[in-house]
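These protein sequences, in sequence, are chains B and X. In terms of our numbering, the first sequence is numbered consecutively and its last residue is 458. In terms of our numbering, the second sequence is numbered consecutively and its last residue is 771.
Since the hints were derived computationally from the structure, they do not count as laboratory data. Treat the hints loosely; a few may be bogus.
Unchecked claim - Computed footprint of chain B on chain X; a stretch qualifies when at least three of its residues, placed anywhere within it, have a C-beta under 8 Å from a C-beta of chain B:
1) 506-514
2) 529-535
3) 746-760
Even glycine gets a Cβ: it sits at the ideal position worked out from N, Cα and C.
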Amino acid sequence: MRKSDFTGWREVFGFSLRQGVMQSSYKGFLIFMCVVMLALMPVMILIQNRGAGKEDESRVTKLTVYDETKLPIDYTQALSQERYAKLQVISGTEGDFEEHVRALEESGESTELLVHIVYEEAGYFNLTFVKAANAELKDEDCSRLMEDFESFFGEAKLRAVDVTGEQMAFISQDVETQVRYTLENGEIAPKKQEQESISQEEYFILLGGITVVIMIVSVVGSNIATSIVTEKSTRVVEYLMINVRPMALIVGKILASLLLVLIQFGAMGACYLISSGICRALFGDGGGVDMMEASVFSRFLGLNVINIIFAVAVILLGVLFYSIIAGLAGASVSKLEEMAEGMKIYQMVMMLGSYFGIFMAIMQMFGASNDILLYIGCLLPVSAPFTVPVYLLLGKIGLPVTLLSIVILAAFTALLFAFTARVYEALIFYNGNVMKIKDIIGIAKSRKQYGGKEDRQA
Amino acid sequence: MSLEVKNLSKKYGEKTVVDSLSFTLEKPGVYALLGTNGAGKTTSIRMILGMLANDGGQVLWQGRPIDPMNMNVGYLAEERGLYPKYALMDQLLYFAKLKGVPKETAKERIAYWAGRLEVEEYLYPKKTKGKKKEKPKLAEQLSKGNQQKIQLMAALLSEPELLILDEPLSGLDPVNTDIFKGIIREEMEKGKYLIMSSHQMATIEEFCEDITILNRGKAVLQGNLNEIKKSYGRVNMFVKCDNPFEDIIQKHNMPVINNTPDGKQLRVTGEAQALDFLSDLLASDKQVVKFELREPSLHEIFVEKAGATHEEE
Numbered sequence: 001m002r003k004s005d006f007t008g009w010r011e012v013f014g015f016s017l018r019q020g021v022m023q024s025s026y027k028g029f030l031i032f033m034c035v036v037m038l039a040l041m042p043v044m045i046l047i048q049n050r051g052a053g054k055e056d057e058s059r060v061t062k063l064t065v066y067d068e069t070k071l072p073i074d075y076t077q078a079l080s081q082e083r084y085a086k087l088q089v090i091s092g093t094e095g096d097f098e099e100h101v102r103a104l105e106e107s108g109e110s111t112e113l114l115v116h117i118v119y120e121e122a123g124y125f126n127l128t129f130v131k132a133a134n135a136e137l138k139d140e141d142c143s144r145l146m147e148d149f150e151s152f153f154g155e156a157k158l159r160a161v162d163v164t165g166e167q168m169a170f171i172s173q174d175v176e177t178q179v180r181y182t183l184e185n186g187e188i189a190p191k192k193q194e195q196e197s198i199s200q201e202e203y204f205i206l207l208g209g210i211t212v213v214i215m216i217v218s219v220v221g222s223n224i225a226t227s228i229v230t231e232k233s234t235r236v237v238e239y240l241m242i243n244v245r246p247m248a249l250i251v252g253k254i255l256a257s258l259l260l261v262l263i264q265f266g267a268m269g270a271c272y273l274i275s276s277g278i279c280r281a282l283f284g285d286g287g288g289v290d291m292m293e294a295s296v297f298s299r300f301l302g303l304n305v306i307n308i309i310f311a312v313a314v315i316l317l318g319v320l321f322y323s324i325i326a327g328l329a330g331a332s333v334s335k336l337e338e339m340a341e342g343m344k345i346y347q348m349v350m351m352l353g354s355y356f357g358i359f360m361a362i363m364q365m366f367g368a369s370n371d372i373l374l375y376i377g378c379l380l381p382v383s384a385p386f387t388v389p390v391y392l393l394l395g396k397i398g399l400p401v402t403l404l405s406i407v408i409l410a411a412f413t414a415l416l417f418a419f420t421a422r423v424y425e426a427l428i429f430y431n432g433n434v435m436k437i438k439d440i441i442g443i444a445k446s447r448k449q450y451g452g453k454e455d456r457q458a
Numbered sequence: 459m460s461l462e463v464k465n466l467s468k469k470y471g472e473k474t475v476v477d478s479l480s481f482t483l484e485k486p487g488v489y490a491l492l493g494t495n496g497a498g499k500t501t502s503i504r505m506i507l508g509m510l511a512n513d514g515g516q517v518l519w520q521g522r523p524i525d526p527m528n529m530n531v532g533y534l535a536e537e538r539g540l541y542p543k544y545a546l547m548d549q550l551l552y553f554a555k556l557k558g559v560p561k562e563t564a565k566e567r568i569a570y571w572a573g574r575l576e577v578e579e580y581l582y583p584k585k586t587k588g589k590k591k592e593k594p595k596l597a598e599q600l601s602k603g604n605q606q607k608i609q610l611m612a613a614l615l616s617e618p619e620l621l622i623l624d625e626p627l628s629g630l631d632p633v634n635t636d637i638f639k640g641i642i643r644e645e646m647e648k649g650k651y652l653i654m655s656s657h658q659m660a661t662i663e664e665f666c667e668d669i670t671i672l673n674r675g676k677a678v679l680q681g682n683l684n685e686i687k688k689s690y691g692r693v694n695m696f697v698k699c700d701n702p703f704e705d706i707i708q709k710h711n712m713p714v715i716n717n718t719p720d721g722k723q724l725r726v727t728g729e730a731q732a733l734d735f736l737s738d739l740l741a742s743d744k745q746v747v748k749f750e751l752r753e754p755s756l757h758e759i760f761v762e763k764a765g766a767t768h769e770e771e
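From just these sequences and the hints, can you work out the full model?
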């Protein structure tokens with residue numbers, strides 16, 4: 001490809017960027033998103049604090065424990081957490097259980113609970129919680145208390161048989177199971193870096209990441225296609241083509257559209273930082289900002305400078321890949337009214353890629369995924385821009401897979417670029433019905449037959 | 459010799475749309491590229507400008523293969539257009555920048571051409587005292603003629619050495635036609651090279667010394683317009699008499715080309731036949747009011763050449 005094929009891209013870039021920024025729809029959306037990001041953190045803190053207030057204070061005011069196990073447990077020590085400050089725990093060992101149930105019903109207390117503890121013959125402890133028929137307590141009021149009481153009882157029954165605190169800590173550790181494979185030399189294979197299943201939080205992060213890339217790709221793609229169709233339908237392209245080559249036109253437009261989207265995301269990020277900074281300053285301890293951020297960022301096990309660079313590289317390559325398809329789709333159309341029809345192929349490819357990424361995330365959350373599916377999703381050029389960045393930052397894939405993905409994506413982008421260079425000139429002057437893929441391939445073949453650009457006199 | 463087109467060809471699939479077109483612009487002036495609709499004029503212009511790859515032939519500028527990217531060429535396309543939603547000034551500055559014209563120079567030239575083409579009000583929003591400054595005009599707010607003026611400005615902003623005008627006067631009212639003609643004349647006087655395509659034969663005769671008539675991609679007639687006309691000879695005779703003279707026409711067996719209140723146009727084989735005809739008119743006392751013998755017009759030559767090829771095919 002000759003140097004002059006790209007001459008003038010800077011001018012196209014500058015003009016496209018300026019006109020893009022000046023569009024009222026762009027300015028409006030930018031302001032709207034910035035306002036949303038500025039308000040996001042204060043709103044989240046408000047919701048969290050309101051929810052936390054409700055959650056912290058238990059509505060149960062009295063708990064009577066009827067223990068038939070005869071274990072030496074002091075139940076008045078149970079539920080010592082702050083949220084149970086108003087709760088009275090009573091050891092009700094007098095009389096039989098039925099009497100206690102009757103007393104609960106007759107007392108008219110609507111916020112009282114009774115717990116019956118027995119050791120069943122089948123060999124397990126049974127804790128039955130009872131609330132009065134007219135109780136105001138809902139299931140969610142009881143469930144937290146039941147969890148906490150069960151936890152207390154689990155430890156208390158061990159202490160009742162003289163297990164020390166140190167022994168308690170030891171036997172309370174998590175149990176992890178895994179399957180390892182033997183190598184040909186008889187040794188056990190090293191532990192795998194990639195994990196096959198993901199947590200619910202990771203699933204939502206994956207969905208969020210894929211959505212962001214979809215937004216970037218579709219906004220850049222549709223901007224480019226609209227711009228090309230506008231230039232074709234208004235015949236401005238006739239004037240442009242004596243000053244810049246088609247490839248310079250498309251490169252300038254891609255970079256301008258990409259920068260416009262990055263400005264939007266940059267502004268949104270800056271607004272978020274301002275918002276969280278103000279919240280930290282106002283609430284001292286951050287009002288839960290630190291906790292919220294930590295709970296999200298702790299999931300990004302692969303978050304480091306190198307991985308961020310590679311993730312950005314994959315996104316940029318992906319945007320380039322999809323923008324070239326959008327450019328081709330735009331050039332195959334002659335009228336703005338026909339753009340939706342011309343863009344079908346672009347939208348189909350993008351949906352295929354992004355939906356494959358979402359499908360992978362769902363399969364992984366349910367533990368139904370395997371390495372093959374993960375590698376296909378990360379190496380396929382149509383899905384890699386959506387999957388690789390977020391999987392890499394979550395630490396679900398390593399650098400070798402990422403590098404291979406970049407190589408494949410770059411190779412496909414270069415091939416697509418070469419194909420576009422071959423047909424774009426004919427497409428840009430084409431005036432008629434929306435071109436089909438077979439027509440475009442036909443043009444590429446005929447260009448090869450007649451020698452293509454090499455015959456140009458310049 | 460400044461512009462030389464040698465055997466330029468273009469095929470779309472199996473169809474040849476331009477077939478070995480050759481012509482030269484040896485000195486500054488306007489060269490006419492004529493042809494019926496679909497004759498291949500615009501395709502030829504696009505190939506000359508390097509927009510379209512050719513399938514054979516060469517275009518030389520000052521003896522070297524032409525590279526419009528690295529030379530100063532202005533182009534007014536037949537299918538004209540501007541960005542409908544962008545400010546006119548922004549578009550003109552963009553087009554000037556693509557041509558490598560510095561911003562300040564571009565602004566000066568825009569101001570000059572805006573005055574010359576009478577479009578200042580669209581490019582320079584007024585500011586009335588006590589009122590908000592008007593918003594810059596968008597292309598979609600302009601009439602077709604005014605949009606055409608803006609595009610001519612875009613073509614002229616770089617002060618091009620070679621100016622290609624594809625149907626520059628189509629759709630213009632008589633006032634704007636005169637403005638455009640004045641500008642074309644000025645460019646000729648500056649020693650510029652112009653290629654003009656038009657269906658208005660009178661305009662071509664007004665400006666062009668050399669022509670090429672294309673039909674179905676082939677050059678069917680080429681050369682200096684005066685020489686072409688001379689080669690046809692003075693075969694057009696215009697006669698008006700106070701008395702009817704059909705009997706004389708029948709006597710000489712002459713075809714009547716046109717019959718108007720201003721007289722009859724007849725085709726003669728040469729000056730001798732015309733003089734015989736005049737002698738008979740005078741002898742029979744037909745009261746001759748008008749007698750004119752001249753070469754065929756470009757319109758007639760065009761119709762003859764383009765029509766003949768149509769008939770052959």
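- Item | chain B covers the segment 746-760 of chain X, three or more CB atoms within 8 Å, holds or violated | The restraint on the segment 746-760 of chain X is violated, since only 0 of its residues have a Cβ under 8 Å from chain B and three are required.
- Task: Please count how many residues of the segment 506-514 of chain X have a CB within 8 Å of a CB from chain B and say whether that reaches 3.
- Result: holds (count 8)
- Query: Are at least 3 residues of the segment 529-535 of chain X within less than 8 Å of chain B when you compare beta carbons?
  - Reply: Result for this restraint: holds, n = 3.
Hint violations for this structure: number 3 only, all remaining hints satisfied.
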